[in-house]
Amino acid sequence: MIVWLLFIGSLIVLPGSALLALRWAARTGQLEAFQKGALQIFDEEEPVGQMTDHFPGPDRLRRPKPATTGHGSRGDEKELPS
Amino acid sequence: MNSDAPSSFASALSPATDPEPSTAPALLAEIDQSCRAPVLALFGCGLVWLLAGTVLAELASLKMHWPDFLADTDWLTFGRVRPAHLNAMVFGFASECAIGIALWLMCRLCRTPLRFAWIILIAGVFWNLGVLVGIGGILAGDSTGIEWLEIPAYASPILFFSYALVGVWAVITFRFRREPRLYVSQWYILAALLWFPWLYSAAQILLILQPVRGTVQAAVNWWFAHNVLGLWFTPIGLAAIYYFIPKVIGRPIHSYYLSMLGFWSLALFYNWNGMHHLVGGPMPAWLVTVSIVASVMMTIPVVTVAINHHLTMVGHFHKMKFSPTLRFIVFGGMSYTVASLQGVYSALRSVSEVTHFTHHTIAHAHVGMYAFFTMVVFGCIYYIAPRLTQREWPSASLIHVHFWGTAGGILLYVGLLSFGGVLQGLAMNNPNIPFLQIVALTRPYLIIRTVAGIIIGTGHLAFVINFAWLLARQFEPYRGPVPLILAGTQPVK
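Protein sequences appear in the order of chains P and G.
Numbering-wise, our numbering puts 65 at position 65 of the first sequence, and it's gapless, one number per residue.
Numbering-wise, our numbering puts 1118 at position 118 of the second sequence, and it's gapless, one number per residue.
What the hints contain is simulated information worked out from the structure, not anything from laboratory work.
The C-beta atom is built at its ideal place from N, Cα and C for all residues, glycine as well.
Per the computed footprint, the stretches of chain P lying under chain G, defined by three or more beta-carbons under 8 Å from a beta-carbon of chain G, are:
#, stretch
1, 36–43
2, 50–57
Label pairs and their in silico Cβ distance ranges:
#, chain 1, residue 1, chain 2, residue 2, range
3, P, G9, G, P1431, 43 to 51 Å
4, G, D1074, P, P47, 53 to 61 Å
5, P, S10, G, G1136, 28 to 36 Å
6, G, G1141, P, P47, 53 to 61 Å
With the hints as constraints, model all of the structure from the sequences given.
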C-alpha cells in the first residue's frame, strides 16, 4: 500500500512541481533575454575581466599578466552581450 | 531575552512581514560576514570526517590484500570498516561541505545575507551528531546492510531533522533574494534541496521502516544509491562549477542556453538510471532496459555541460597555474564528463557482462564521487574560506601537495583499478579459470590501490593542516599587505 502511495505521490508531486517551477519562471521573466543571465554573477565589486582567485603570497608573478589580445585571451570585453 | 523576539523572529521569516525590509543588493563583504560562522563550522567538521573517512578507507583497502590485518577486532573487520568509510565520506564530509557551499552560493546569488545563522549552526550540530551515532552504530555491528543506507534506523531521524532545518532555511534565503533574476547555479541548488529529502525519505520508508519484499528491495536500493550521486551531489557540484569557472577567470559562461538545457535534461533523465546496476539480475527486463536507455540519454546533459565549460575556459587554461580554485574545479569538471560517459558505456549489457561485480565498478564510483565531486568541493573551499576569514591561505606549498597528491592519487587509483577490473571480469566469465586464480590476479591492483590511497591521504592531511592554520590566523591581528585575493573587494581588519 505504502509503495503505491509513494509511487502515485511521486507521479503527481514531482512533475507537478516541475510544471509549477516552469510556470513561475515564465511569469517572472526568467526565460527572457536568456544570455543576460550569464552576467548576473559579475558586479562593480567583481567585474568581468577580473580574475578573483590565485595562490597566496605578495608575489605578483603568481598572477597572469592582464589579458589584452592575442595569446591567452579572446578579448572578453568584446564578447559581452549588449 | 527580549519579549518581542519570538514574534520578530516569526515575522522575519517572510519578506512581506519583515520588520527591516531591504531591497538593495548586499555587499559581498556583508554576505560573507553573515555566512562566516556556520559555513566555516560546516567545512571544519566536514574535513574532520574527511580524515576519519580516509583512515577507514585505508584500513578497508589494506584488508583486501592483507585479510589478517586487524582481523581479531570485531569492530575493525572489513564488513564494518568499509560501510563506515562510505558513510563518513558521503554524509560526514561530502554532504556537510555541500550544504556549506550551497548556502554560501545561495546567499551570494540572491545578494542577501544569511539570516539567523545560528539555526544553521544548530543544524550542523545535529548533522554531526547523526553521522557520529550512525557510524558508531555501523562499527558496533548495527549496520542495516543496505548499500549507501547502512546508517542504523535510530540515527536517520537526527540527520533528517538537521536537513529539514537546512532545506527550509535555504528556501527562506531564496525568498529574501534581492536579485530577481536566477542564475543557473540556483536552479541546480534548489532542485538538489528538493530531491535529497525525497530520495532519503522514500528510501528510508521503503527499505527500513516498512521494507518492501524480494527483489524490489534491490531496485529501490539502487534507485536511491545512484540518485544520491546524480540528484544530490551532482547538481551541487555543477552549480559550483557554473559559478566558479566564470567567476575566477572573469568571463561569463559561454552559453546560458546550453546551461539550462543541461539542467532540464539532467532532471529528466537521471532519475531512471539506477536499474542499470541490476543488469543480469532477477528483475523485469523492461525495467533494466528503460534504465539503460535513460543512461545513454544522459549523454545529452553531459556533453552539453562539457562543451559549455570547455568553451568558457578556452583561452584561459593558463590561469589554472595561478588559481588553486580553478585547478581543482576544472579537474572536477573534466572528471564529471569522464565519470558520466564511463557510466553510459558501463550501463550497456555487453559491457556490464564483463565489468559487473568487479573492481571496475569501484573505480567508476570513485571517478564520480572523488575525482568529480570531492575535487570540486576542495576548489570551492579554496575560494570561500579566505573570504570568510579575511585571510590568505597560509601556505602555497601545502596547496601544491594537496593538489598533486589528490589528483595524482586518484588518477593512479582509477586507472589501474579500472584496468584490473576488466581483466577480473574477463577472467570471471571464463569457466576454465579457478576463482582463487582470479583473486591472485587482482592482488597487485589492490596493493596499488592502497598506495594510491596513501598518496591521496597525504594530500588530505596537507589540506587539513592548511585549513586549520587559516582558521588560527583569523584570530591574529593582520599586519601584512592587503591580501591580493581581497584587494579592492573587502576591508581587512
